[in-house]
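S.K.: With chain L's structure known, arrange chain B on it following the hints.
Residues per chain, in single letters:
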Amino acid sequence: MNEIMNLNPVLLIAVPIGLAMLVPILGLMSSKIVKWVPVVGFLFNSVVSLAVLPRVLNQPIIVKIAGFAPPFGINLVAGPVGMFLAALIAVSGFLVAVYSLDYIHEGAAEKYHILFLLLLSGATGVVLTGDIFNLFVFFEILCISSYALVAYLGNRSGIEAAVKYLIQGAIGSSLLLIGIGLLYGQFGTLNMADLAQNITSFSEPSVFVPMILMVTGLGIEAAIFPLNAWLPDAHSSAPSSISAVLSGIAIEVGLYAVIRVVFTICHVTGSFFVFLVAIAVVTVLIGEMSAFGQKNIKRMLAYSSIGQIGLILFAFSLATEFGVSGGLFQMLSHTLGKVLLFLSAGYMIYRTGSMEISSFEGVGKKMPWTALFFTIGTLSIIGLPPFAGFSSKFLIIKAALAKGDLLYILLMGIVLLGTVIEGTYFFRVVQVIYFKESNNKTEPEGPPVSGLISMSVFAILVVLIGLFPNAILKILTTAASELLNNLEYIRSVLG
Amino acid sequence: MSFLQNYAYYTGAFGLILIGLFIMMTKRNYIKIIIGLSILETGVNLFLIAVGYISGGTAPIFSRSGITAEKMVDPVPQALVLTAIVIGVAVLGMALALAIRLHKHFGTLNLLEIREQRW
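Chains as they are written, first to last, in this note's numbering: chain L, -15 to 479; chain B, -10 to 108.
Everything labelled a hint here was simulated from the structure, so no lab data went into it.
Errors might be hidden in some of the hints.
DSSO-like mimics (lysine-lysine), calculated; alpha carbons at most 30 Å apart, straight line [what the hints assert, rightly or not]: (1) K60/B <-> K148/L; (2) K279/L <-> K21/B; (3) K148/L <-> K16/B; (4) K458/L <-> K350/L; (5) K458/L <-> K349/L; (6) K382/L <-> K458/L; (7) K420/L <-> K19/L; (8) K350/L <-> K279/L; (9) K21/B <-> K95/L; (10) K148/L <-> K279/L; (11) K279/L <-> K382/L; (12) K16/L <-> K95/L; (13) K279/L <-> K420/L; (14) K21/B <-> K93/B; (15) K148/L <-> K95/L; (16) K93/B <-> K16/B; (17) K21/B <-> K148/L; (18) K95/L <-> K93/B.
Here chain B stands alone, though its shape is the one from the complex:
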């Protein structure tokens, strides 16, 4: 149990990543695949935040007295996550826009029934 306690954030993050990948690989409904993608991206973002997080840490502002560098949370991963969230929103928006067009053309969102092009 101590492993889970010590690495709770990493376990949670990789758990979400694996759940997302599992959904994307097993589900056949396009909307469910998009949900899986969203869970996968959340997991990746949580992982990036966990990389820089210090338990009980604070923002890295040096003007306040009595705070040393050891107690500061690394701000770089948070900036990365901000960027990654924006990118994720763009991909999700694109995916949902395609879902509308897909349903218009094929009348279904089941990807097993949409097989006009193969190798």
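Isolated chain L (complex conformation):
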């Protein structure tokens, strides 16, 4: 156990990328081994990140690549925020890889596994890196592999969605790169801690313009309104296991990068947060209201992700300790809940052969376990006790009320209205699944064992975290203080 705890966090990035490069060679030997590669890689990542997590709560681990001390070399910062998100990515990546064992059975399976490994190692790199250009590179690894995975099925809708996603994503990454160039030109450093040390005030035009460029560029990937036009198409056209990863991890990693730029690098205060809160509330309303009218289950879940991202951004922009830890908690519960929903919807779509919600009549009797997992997912996303979503939403409401300002209480009311809309459309699906009799006499069978195992672990995690939220609250508050107090971050990196 001690050896695992002392492993270098750089392995969390190096091992999945290395395995991705090994997949074509292994594929030559045997086509059966290939699908086990992501399982092995993310099992390793889960074990390492969960073992290292308690250690970084006391003292962040700074990894100096090639021995150059920051700010001269590229460094990794395995702080509480980074390791928390890396563990979340690793565990959900592992479970989705288990689900994919039987779910992905047609098409170029080898390429699917390569891209899946690259996508999640890119995401891990973004959350762990301490260098802003390095962040851009990992971000591009994530983006390019998700363009390819959206088009994986090669059908009409997939190609159309991937084209839209690629055009918008490419503009976003160019804006991010311009912002990085402007910052480098002024401060002569790419290290995030060094940049944060040099930036005295975010409101000077020379800092504000790059910050806006970077927030806009990253905001496209994070699907913040009005930059989210690509999301519903992309998330509904991909295979379900990929929709789960895109909705549960990719957009949250984008949001993490926005938060890192806003909190740590530029150390924003005051009125800019009011602007972010306003954007967040609009994002919630747009997402939930668009989801309300959908007849296609995957589009509905994709719009619901927009709403959830709005809620997470709302929590972060409160910029208090409760708010930020509530936002991180909401990231956790959204990942678990939304991945569970996409995975269970995946087999419901597969067995009924249609994405229309109305075709799910009677699924509750034919596929009782899948229907149960879907219901647990909906209840958690809506935020009912005793599921994980309740604790996180409760923390966010508490944080908004603790602000004491009438504005925030009003905005919180609008966000809660969004939750009510969310409840309405999710319960409509649950009603169709359980209480409508099907005329269809065919007998759809349940999902295979790998799918059942993966979904049941997600469901158990959702219930356990909902029942014992205090167990992870310590991680969340430590992480929140890392984000809110950037002097601490600078000191831990630069010494």
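M.R.: For chain B alone, kept in the frame of chain L given last:
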């Protein structure tokens, strides 16, 4: 005019960036949008190079005598541009591969005619 003379590289770089963005936003043909993307990326790369460039500067090698740090070109942006070019090639390759599939499925590259999914 002196502004243009002093900041010729920056003017050129941001000019290319704006031209690229303009093409991407106004053109409806997917190939033209990819061309716009390519111009945009070239502009960004030129901008990054311009950040570190010194007129009449040389490579930062300290072994040669008689060269001081003031006359050296910053090598970091050039390393960044090398990486950015590789990433840009990957994105362009992906975009062109999608163009082939797009034409196969829809028989057109005009994005206004491809509107099966909307909000």
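S.K.: Taking 30 Å as the top limit, are the C-alpha atoms of K93/B and K16/B close enough?
M.R.: holds (21 Å)
S.K.: CA of K21/B to CA of K148/L, is that 30 Å or under?
M.R.: holds (14 Å)
S.K.: Verify the proposed pairing of K21/B with K93/B, using a straight-line Cα cut of 30 Å.
M.R.: holds (18 Å)
S.K.: Between the alpha carbons of K148/L and K279/L, is the straight-line distance 30 Å or under?
M.R.: holds (22 Å)
S.K.: For the pair supplied as a hint, K148/L and K16/B, is the alpha-carbon distance within the 30 Å limit?
M.R.: holds (14 Å)
S.K.: Holds or violated: are the alpha carbons of K16/L and K95/L at most 30 Å from each other?
M.R.: The hint holds at about 14 Å.
S.K.: Hey, K279/L versus K21/B, does the alpha-carbon distance stay inside 30 Å?
M.R.: violated (35 Å)
S.K.: Holds or violated: are the alpha carbons of K382/L and K458/L at most 30 Å from each other?
M.R.: holds (17 Å)
S.K.: Take a quick look at whether K148/L and K95/L sit within 30 Å of each other, Cα to Cα.
M.R.: holds (22 Å)
S.K.: Given the hinted pair K279/L and K382/L, is their Cα-Cα distance within 30 Å?
M.R.: Roughly 34 Å between the alpha carbons, so the hint for K279/L and K382/L is violated.
S.K.: Is K420/L close enough to K19/L, meaning Cα to Cα at most 30 Å?
M.R.: violated (38 Å)
S.K.: Is the straight-line distance between the alpha-carbon of K21/B and that of K95/L 30 Å or less?
M.R.: Given pair K21/B, K95/L holds - Cα atoms ~29 Å apart, limit 30 Å.
In summary, the structure is inconsistent with hints 1, 2, 4, 5, 7 and 11 from the numbered list given earlier, while agreeing with the others.
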